[in-house]
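The listed protein sequences derive, respectively, from chains V and Y.
Quick note on numbering: the first sequence equals residues 70 to 854 in my numbering.
Quick note on numbering: the second sequence equals residues 23 to 494 in my numbering.
Hints may contain errors.
Here are some chain Y residues pointing at chain V (derived, C-beta under 8 Å) [stated by the list, open to error]:
| hint | residue |
| --- | --- |
| 1 | Cys63 |
| 2 | Cys133 |
| 3 | Lys175 |
| 4 | Asp180 |
| 5 | Gln183 |
| 6 | Ile319 |
| 7 | Leu467 |
| 8 | Ile474 |
| 9 | Ala475 |
Everything labelled a hint here was simulated from the structure, so no lab data went into it.
All C-beta atoms, glycine included, are put in the ideal place defined by N, C-alpha and C.
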Amino acid sequence: MPSVDAISHVRGTSQYVDDALPPSGLLQAAVVASPLAHGTLRSLDLQAARAQAGVVAVFTAADIPGQNCWGTIIADQPLLAATDVQYVGQPLAVVVGQSRAIAQAAAQQVQVDIDPLPPLLDPREAYRRGQIIGQPRSFALGDVEQAWADCDTIVTGQCDLGGQEHLYLETQRCRAIPLEGGDLRLESATQNPYGTQRTVAQMLGLACHDIEVEVKRLGGGFGGKEEQATLWAALAALATWHLQQPVELVLSRQDDLRMTGKRHPYLSEFKLGLNRAGKMLAYEVQHYQNAGAYADLSPAVLERTLCHSTNAYAIPNVRITAVSCRTNLLPSTALRGFGGPQGMFVIESAIAQAAEQLGVPKEELQANNLLRAGDTLPYGQRLSTDSVRQTWEQVCQTYHFARRRKAVAIYNASQFERKKGLALMPICFGISFSQTFLNQAGALVHVYGDGSVSVSTGGVEMGQGLRPKIAQIAARAFGIDEQQIKIESTNTTRVANMSPSAASVTTDLNGHATLAAIAQILVRLRVLAAQELGGLDPNQVAIAQEQVLYGHEPTGWTWQQLVAKAALARVDLSAHGFYATPGLEFDHQRERGHPFAYHVCGTALIEVTLDCLRGTYEIDAVRLVHDLGRSVQPQVDRGQVEGGLVQGLGWMTIEDLRFNEKGQLLSKDLSTYKIPDVFFGPQTLEIQFIETPEKVSGPYSSKAVGEPPLMYGLGVFFALREAMQAFRQRPDYAFKLPLMPEQVLCELYREAVERLTIPEGLDHGQTTVESLPGAHSSPAPLPQR
Amino acid sequence: MADPIQFLLNDRPVVTSQPPGLPVLDYLRQDAKLRGTKEGCREGGCGACTVLLGEWQGDDRPFYKPVTACLLPLGELQGKHLVTIEGLNQPQLSPVQQAIVDGGATQCGFCTPGMVMAVTSQLLSADRCADDRAIARILSGNLCRCTGYAALKRAVRDLLQRFQGITDLAGLVDQGVVPAYFLDVPQQLARLPVAAAPAPPQGGLWVAGGTEVYVETDLRLNQQPIYLLCGLPHLRGIQAEGGGIRLGALTTFADLETHPLIRQYLPAIPEFMAQIASWPIRTRATVGGNLVAASPIADVAVLLLALDAQLVLQQGTQQRSLALREFFRAYKLTALQPEEVLIAVVLPPQALRQHLHFEKVAKRKTLDCASVNSAIALQVEGNVIQQASLAMGGVAPIPLFLQTTSAYFRGKPITPDVLTGAFPLLQTEISPISDVRGSAAYKRLLARQLLIAHFTTLFPDHLQVRDFYAVS
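Take the sequences, apply the hints, and build the full model.
Set out below in structure tokens:
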């Protein structure tokens, strides 16, 4: 059955924050942001802005009555900067006007006086200067130092991973409405209603119960509204609290791009050792995470990097070190994968480097070292599934890998300027918040007297299909038609203390909590039915397809009749359910434990064609086998796999998050930051699902699906690299993201680029250029024959 | 105060006194309270605000094109039919809506109304081509961050196949693609006055397609007079003239893509157009606007430079002709005099008898600005180049005609050595800078690569890429 959301989406009647009928007197807000990456804030001249027609008020840090510092992990970030600025785009003031256009125009009239300080942008430089967040952390297995001696091949290298913009289609927004007694209601596009509630309460010196956060749905989140939706909600709340009038803050796309944090860039150094048989014996990696100016979720992201640095491979001796580095860039934040893919990219790079050095196909080394059930991961947990190997083998068989390998070799031998590349990309991703305490959820279920059902959970619908999944789970648990179920908005007055909707586990946690609530109501209904049927065994009572059964036989009662009787019999038809993932623990002293309920695994085969004349490429095909468990909504899950994959492919290739040396974002609009469009590919996409059972999993043996598929996208980098090697073999192609046509071409023709690079200050187009040798005088690349 | 604007908004006629320069997106969301149309970027880059604009094009029913409401001036609506998602809704889902629901092709839903509009516009046209490229073109202006497009493409393919043979309005209404009120739209539109042609104001902001102006300028609070050129029908149209082709300045990129004269005499051009912007932008962006905006990476400007286009400029009743190659003076500065209007672009007869090729490389292959773009037009007899015209964008402050390199080729045979001899000349003529679209060195390299691409694409029997890079 199609979900209610899908129907309202296609009719354009789904309401996002600013689509709901505006309350009377609704004002609009816009944010004044720092133009400089680093400096001392001397003054803000608000005169000109206040003088604009239609401007109602301007608020600064001085107007914050309570705490002006926030952050879920470390409260180190001001809501509005008061003394110093630490990144371009840092909020300094909020302007309120009669319309959004007025507020946005007036925000540009605020004169900002900042004494500039030199910005620090490079994470390794930040580390050297002691600018780190928390402490460096290290995970270890075996004894790396000892193991190097046993290695026949050792490769070293480094990776330079760019960030990624979320580019949710709906920018950040919140509508704040004053309630009686100074309370506030925040209609916020947040993945984290409780976090938003808590921060706003602290900012205003109020209690959590004074702030109601309501979330209907998000127009995409991808992690960008986990921590960072709170700031915009707080600024709308601040204005509303002062003015006692409803205020809406909707970031323009450009403001969203320049003011909100993105995926963490990383610089990583690796060393990988193998024996003659191609077994990986030792792996050492040092990650420098570019956290930006404030802690945000960086320590947790770093933890997931530590956990995923060996991806799907069993390596007996490992030392993973990671440090979160403070720089003068936007505070980096959660984005689908949450540090995991950064760790995985580096080990894949190390394997690629080793394969190239040894002259063997990368997949041979990968296949030699895949994880098996029972293998110990670098955080001490034993892997409970064999689905890494199972999906690898299934991809190779069903999609005829050997045949494709041969076909690519033939193609590459017959073509000069077009080369194909193949890559296999296995993934193994831990499911659960790595911070154990977050693995909890609540749900509130009401059965109304007419048999209809209302379900509230702490989970937020952001396109991931939480609502259709919970509806399906609830209908199945009750044994009634899905039409009877309504999934309510997410509201802090109905479900309290919710964890953010993140880490792929929203359905797992909230689905189980929903089941826990329903189970309570069902027990009461069974007892009642057994009594009414004549003192029989409640355990023999069941409901299926809206019929009440006893010992699998119809009793003649319908669901509706049963509910009506229960209401008369004074049976409680409401219940609150709670779920905490069992078996999780982590010892931060020993960096050992069991942080994940289970792992989601799969393997993708990626095929590309590279145009070696122009540096452009096509993603011809992605074929993958993914362990989904037993899906409760196969169409939703397929959509998550397809969408996650493409988001990963985009990050690797065309998504160019670029800052200049002043720390200003250069890719500041949609004409300069490009996400995959409909032409982008893959041209062919084939997906097979397998169902591996787990002891602890999602409801009805389903598995989390949101993040893992993104990591299949990493394979495109290595497929392109293989194609580059086929055109021109060289040992030192950079492991640098993104691999745009510019990077491809400049790598393929590195010598020509060096010749064509004109030193700054020379007069372009004059004789200096003419005297540069043309391309022909010494043919640039030396392609393989 | 400007005259009120009268148009048909979905099923009802409306009159508004809002300023003609107001973006239709803001009119819809703030004034008309129709909030199914979403704001995603305000730069025509995401398609979340896609609406349908129906206007007479000589047929018995209005022709509907998808346009982005964020770049559409309200004044453009005079006498036309504007359709939003609300105007498609019926008690039952339309086949387009149903296909997206059934295909699981909507996730967060924010881009979905725009998608529905884009696909519906295709069903309102006669084109039922369902190959991959055609399907991609339909969705070329719509970004979706959730689905990765696979489910959307499946849904659209299925839909186009089901609607083979159903193209008449009655049939589409019968199938529920559009509501029944569409049948009355021709009569209702006939009752509305069409846009009058006002006299050009002194100064003010002149808007052709708006796809540049509305990105560069926030027109929500605009105070200066707006002069919408759409009211000047004589600036539209493509005609044969003196053995060449005359393009009215308001010729859209979509016209260049679809017009029979272009397809007959410059058959390569429709193919090039597919590399420029998106279909909804191409339905609005004009040739004249592209030239006057004078962006150094203007795709159409580069193409027309290679074709040695001649401009017709008008000031009052005075007209003058100017070679496009003389038009660009400095960064975003042209030879246009104050109060002078570009009214037409004339492609000379020889433009129609040449080998023509266009190349463009950007971060994303489609709906992106070029790092470097280039066009070449060549007259060849036997193996000898009689005339060569090479133009490039992204390599200078202006769209650049490469005079020296072009002249070098005259009288020379098409051989690898001849082409190689052009490389140093090429480098002397260009002066790219490093920016977000690429480093200067990359653009220099790309300029060379695209020159090779021109010749190896046009003359594969005479030279191949390996001639330039193979080890001797």
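Status of each hint after checking the structure:
1. Cys63: 4 Å, holds
2. Cys133: With Cβ-Cβ at 5 Å, under 8 Å, it holds.
3. Lys175: 7 Å, holds
4. Asp180: 15 Å, violated
5. Gln183: Hint on Y:Gln183: violated, closest Cβ of chain V at ~18 Å, above 8 Å.
6. Ile319: 10 Å, violated
7. Leu467: 6 Å, holds
8. Ile474: 6 Å, holds
9. Ala475: 6 Å, holds
Comparing the model with each earlier hint shows violations of hints 4, 5 and 6; every other hint is respected.
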